[in-house]
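Asks: Letter by letter, the chains look like this.
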Amino acid sequence: MRTTFLDTLMQQARIDDRIYLITPDLGFSVLEKFRDEFPKRFLNAGIAEQNAVGVASGLALSGKIVYVYSIVPFVTMRCFEQIRIDVAYMNTNVRLVGVGAGLSYGPQGATHHAIEDIAIMRALPNMTVCAPGDPLEVRELTNASFYHQGPMYIRLGKNNEPQIHSPGTKISLGKAIEVTKGDDLVLITTSNTLELGLKWVKEWDEQNVKVRLISMPTVKPIDVEMINKIIEEGLPILTLEEHNIVGGLGSAVAEIVAESEKKIKFKRIGLPDVYSHYVGSQDFLREKLGLVRPSI
Amino acid sequence: MTHYSKSSHVGTCLSIVEILYVLYFKIMKVDPENPLKPDRDKFILSKGHGSAALYSTLAERGFFSKEILNRYYIDDGILPGHLDMKAVPGIELSTGSLGHGLSVGVGMSIANMLDNNPGNIYVLLGDGECNEGSVWEAAMLASHNKLNNITAIIDCNKLQGFGNTKDIINQENLAERWKSFGWDVLEVDGHSIFDLESCFNQPATMNPKVIIAHTVKGKGVSFMEDKLEWHYKSPNTQELEKALKELSRAL
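Keeping their order, the protein sequence lines are chains A and B. Just so you know, we're using UniProt numbering here: the first sequence kicks off at 1 and counts up by one. Just so you know, we're using UniProt numbering here: the second sequence kicks off at 1 and counts up by one.
No lab work stands behind these hints: they were computed from the structure. Careful: at least some of the hints might be erroneous.
Below, in silico cross-link-like pairs of lysine-lysine (DSS-like), each with a Cα-Cα straight-line distance of 25 Å or less [what the hints assert, rightly or not]: (1) Lys-158(B) <-> Lys-33(A); (2) Lys-175(A) <-> Lys-199(A); (3) Lys-66(B) <-> Lys-179(B); (4) Lys-288(A) <-> Lys-220(A); (5) Lys-233(B) <-> Lys-158(A); (6) Lys-229(A) <-> Lys-158(A); (7) Lys-242(B) <-> Lys-288(A); (8) Lys-181(A) <-> Lys-202(A); (9) Lys-202(A) <-> Lys-175(A); (10) Lys-166(B) <-> Lys-33(A); (11) Lys-146(B) <-> Lys-33(A); (12) Lys-66(B) <-> Lys-245(B); (13) Lys-6(B) <-> Lys-158(A); (14) Lys-37(B) <-> Lys-26(B); (15) Lys-66(B) <-> Lys-166(B); (16) Lys-175(A) <-> Lys-288(A); (17) Lys-210(A) <-> Lys-158(A); (18) Lys-146(B) <-> Lys-179(B); (19) Lys-242(B) <-> Lys-227(B); (20) Lys-179(B) <-> Lys-242(B); (21) Lys-199(A) <-> Lys-262(A); (22) Lys-288(A) <-> Lys-86(B); (23) Lys-6(B) <-> Lys-166(B); (24) Lys-179(B) <-> Lys-40(A); (25) Lys-267(A) <-> Lys-175(A); (26) Lys-245(B) <-> Lys-233(B); (27) Lys-33(A) <-> Lys-227(B).
If you want the footprint, here are the derived chain A segments under chain B, 3+ residues with CB under 8 Å [unchecked claim]: (28) 73-79; (29) 177-185; (30) 279-289.
Quick list of the computed label-pair ranges, beta carbon to beta carbon [to be verified]: (31) Glu-195(A) <-> Leu-36(B): 30 to 36 Å; (32) Glu-203(A) <-> Glu-33(B): 29 to 35 Å; (33) Asn-170(B) <-> Ser-29(A): 32 to 38 Å; (34) Glu-81(A) <-> Glu-33(B): 28 to 34 Å; (35) Asn-159(A) <-> Lys-166(B): 43 to 49 Å; (36) Leu-244(B) <-> Pro-125(A): 37 to 43 Å; (37) Gln-202(B) <-> Asn-126(A): 37 to 43 Å; (38) Asp-226(B) <-> Glu-81(A): 56 to 62 Å; (39) Asp-226(B) <-> Lys-33(A): 20 to 26 Å; (40) Pro-272(A) <-> Phe-25(B): 52 to 58 Å.
Please read these numbers as outputs of a predicted model, since none were measured by experiment. From the three backbone atoms N, C-alpha and C, an ideal C-beta is built for every residue, glycine too.
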């Protein structure tokens, strides 16, 4: 996802000289090509995230479209009040781009896991929260970010994720995408669990359970229209995310379900409300922390 | 460890290993049999990505079995890439996001002062880490409160994420900066066990102390020394053998 993001950003940087990229000294072996082609629109601010976000705001208030790139916890939580005041409150055109969604950094440990980011970014007025699930979603949402007014958070996975959507799929900000058809159950997923969700849907299909897979690459504003349509149909809803069960996609969908006054079956699947003290790869941690396919 | 687990940061580990050795074998009052002894000296590895060096030092000092070192950064492992204080005995603080260790160390230092606890606090930071504003917030508070039971050590290997520290945020005047923040400053060759020991043993004044340890990332392995790529790469089998040969020759 990070390569797709950077390639898309560079294409736009060639035609729009307002595009500016800041890193707090992360992104080695990824960002060099941007730096080399646009040296005047690249800043390594040093290992200093709070300052990086403040500087980004200043650049944005001076007419630039500014991307701040780091690992998720360091670009969202380390500098949260700078984001709240300098970015969200003042509604500046800063895009916070984090790599390492959920448990992507596996054995690096809990400091590098990103399990609270969607919840806290979602709570900020003005903030648009994007969590793309495959390279196509990354490309289209990055394209949308060039024209969007106001701050955005873009949560990326790692690299070399498979493309899930077929090439012509229409992907736009604030819209869900129907990935598979099915009327037994609806599985709504976001970010780096799109691939896992599709795997589950295929496994259910073998048991003759037809599941409609919905990808929700924009968590805020969430696609209320799509969720309401599913509620109207009376289908059971499952949500899936690699994020704390508190405050993420599941919570966002639950808010709509709860206020719909319709009685439907609903369940959230996410990470338990704990920090991982397990050591292992992303797949190992997913299993340990209960991100496993429920039986229907 | 970084070989079998294919993990990063071996360069960092080699940059700090003498500092850890001197602290744990020459300076600090710690008891592996009683790792939570209330009056122990405490060490914080603020640059938590150097974890493998600390795990090895703690195992060598007897805090836990060396077999645990085989369970670093792998599935069903015990030791994560960045420090988790719950993983094994002897780790005083979970770290891995830069710029936290000195502040927590200052908190421990204040607590020891309040409780008349003779335990000293040692915090190891990176020179790149000194980009973080929080380091300087902690530095101001420590000198203002005359916390002379805390020692910061800067692993000054002149490299950080994207290249040479001087090309990213120039801090060639690091000693002057700490001095102007009210700290006693000592500079030392961070690979000289003798010089490190004498720095740590300098009698305390009223001020907190910082030791700027000039180090080489990847020290002791010719092809790793001062090479940024060894912040990220893990040694393959040939590289491991070559490195071990060079290191054992130096012993």
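Asks: Give a verdict on every hint.
Replies: Here is how each hint holds up against the structure:
1. As the CA atoms of Lys-158(B) and Lys-33(A) are separated by approximately 24 Å, the hinted pair is consistent with the 25 Å bound.
2. The straight-line distance between the Cα atoms of Lys-175(A) and Lys-199(A) is roughly 22 Å, inside the 25 Å bound, and the hint therefore holds.
3. Between Lys-66(B) and Lys-179(B) the CA atoms are separated by roughly 40 Å; this puts the pair beyond 25 Å, and the hint is violated.
4. Taking the CA atoms of Lys-288(A) and Lys-220(A), the gap is near 29 Å; set against the 25 Å cutoff, the hint is violated.
5. Between the alpha carbons of Lys-233(B) and Lys-158(A) the distance comes to roughly 17 Å, so the proposed pair stays at or under 25 Å and holds.
6. For the hint linking Lys-229(A) to Lys-158(A), the alpha-carbon distance of about 32 Å lies beyond 25 Å, and the restraint is violated.
7. Between Lys-242(B) and Lys-288(A) the CA atoms are separated by roughly 37 Å; this puts the pair beyond 25 Å, and the hint is violated.
8. Distance hint between Lys-181(A) and Lys-202(A) is fulfilled; the C-alpha atoms sit about 11 Å from each other, no more than 25 Å.
9. Straight-line distance between C-alpha atoms of Lys-202(A) and Lys-175(A) comes to about 23 Å, which keeps the hinted pair within the 25 Å bound.
10. In summary, the hint linking Lys-166(B) to Lys-33(A) is supported, as the alpha carbons are separated by about 21 Å, within the 25 Å threshold.
11. At roughly 47 Å between alpha-carbon atoms, Lys-146(B) and Lys-33(A) are farther apart than 25 Å, so this suggested pair is violated.
12. Only pairs whose Cα atoms come within 25 Å are accepted, and Lys-66(B) paired with Lys-245(B) is accepted, the gap being roughly 21 Å.
13. With a CA separation close to 17 Å, the supplied pair Lys-6(B) and Lys-158(A) stays within the 25 Å bound.
14. Restraint check for Lys-37(B) and Lys-26(B): satisfied, since their Cα atoms lie roughly 18 Å apart, inside the 25 Å limit.
15. At most 25 Å may separate the alpha-carbon atoms for a hinted pair to count; Lys-66(B) and Lys-166(B) exceed this at roughly 38 Å.
16. Our distance criterion of 25 Å between C-alpha atoms is broken by Lys-175(A) and Lys-288(A), whose separation comes to about 32 Å.
17. The straight-line distance between the Cα atoms of Lys-210(A) and Lys-158(A) is roughly 30 Å, outside the 25 Å bound, and the hint therefore fails.
18. Between Lys-146(B) and Lys-179(B) the alpha-carbon distance is near 14 Å, which keeps this suggested pair within the 25 Å criterion.
19. Taking the CA atoms of Lys-242(B) and Lys-227(B), the gap is about 16 Å. The hint holds against a cut of 25 Å.
20. With a C-alpha separation of about 41 Å, the suggested pairing of Lys-179(B) with Lys-242(B) is violated against the 25 Å cut-off.
21. Simply put, Lys-199(A) and Lys-262(A) have alpha-carbon atoms about 29 Å apart, too far for the 25 Å limit, and the pair is violated.
22. A distance of roughly 17 Å separates the Cα atoms of Lys-288(A) and Lys-86(B); the hinted pair therefore holds under the 25 Å criterion.
23. Proximity of Lys-6(B) to Lys-166(B) is assessed by CA-CA distance (about 29 Å); at most 25 Å being required, the pair is judged violated.
24. Among the hinted pairs, Lys-179(B) with Lys-40(A) is inconsistent with the structure: their alpha-carbon atoms are about 34 Å apart, more than 25 Å.
25. Between Lys-267(A) and Lys-175(A), the direct Cα distance comes to roughly 22 Å. Compliance with the 25 Å bound is thereby established for this hinted pair.
26. Under the criterion of a C-alpha separation no larger than 25 Å, the hint pairing Lys-245(B) with Lys-233(B) is consistent with the structure, at around 19 Å.
27. A threshold of 25 Å between alpha carbons decides the hint, and for Lys-33(A) with Lys-227(B) the separation of about 20 Å falls inside it, so the pair holds.
28. Counting residues of the segment 73-79 of chain A whose C-beta sits closer than 8 Å to any C-beta of chain B gives 3, which meets the bar of three, so the coverage hint holds.
29. Here the segment 177-185 of chain A counts 0 residues with a CB under 8 Å from a CB of chain B, which misses the bar of 3, and the coverage is violated.
30. By the rule of at least three residues with a Cβ nearer than 8 Å to a Cβ of chain B, the coverage given for the segment 279-289 of chain A holds, with 4 such residues.
31. The hinted window of 30 to 36 Å between Glu-195(A) and Leu-36(B) is violated, with their beta carbons roughly 44 Å apart.
32. About 51 Å separates the C-beta atoms of Glu-203(A) and Glu-33(B), a value inconsistent with the hinted range of 29 to 35 Å.
33. Take Asn-170(B) and Ser-29(A): their Cβ atoms lie about 23 Å apart, and the range 32 to 38 Å is violated.
34. Checking the proposed 28 to 34 Å range against Glu-81(A) and Glu-33(B) shows it is violated: the Cβ atoms sit about 44 Å from each other.
35. Restraint check, Asn-159(A) to Lys-166(B): a C-beta distance of roughly 30 Å breaks the suggested window 43 to 49 Å.
36. Taken as a hint, the range 37 to 43 Å is violated for the pair Leu-244(B) and Pro-125(A), whose Cβ atoms sit roughly 56 Å apart.
37. For Gln-202(B) and Asn-126(A), the hinted distance range of 37 to 43 Å is not satisfied, since their beta carbons lie about 53 Å from each other.
38. Range check, Asp-226(B) to Glu-81(A): Cβ separation about 37 Å, and the 56 to 62 Å hint is violated.
39. A C-beta distance of roughly 25 Å is found between Asp-226(B) and Lys-33(A), which places it inside the suggested range of 20 to 26 Å.
40. A C-beta distance of roughly 41 Å is found between Pro-272(A) and Phe-25(B), which places it outside the suggested range of 52 to 58 Å.
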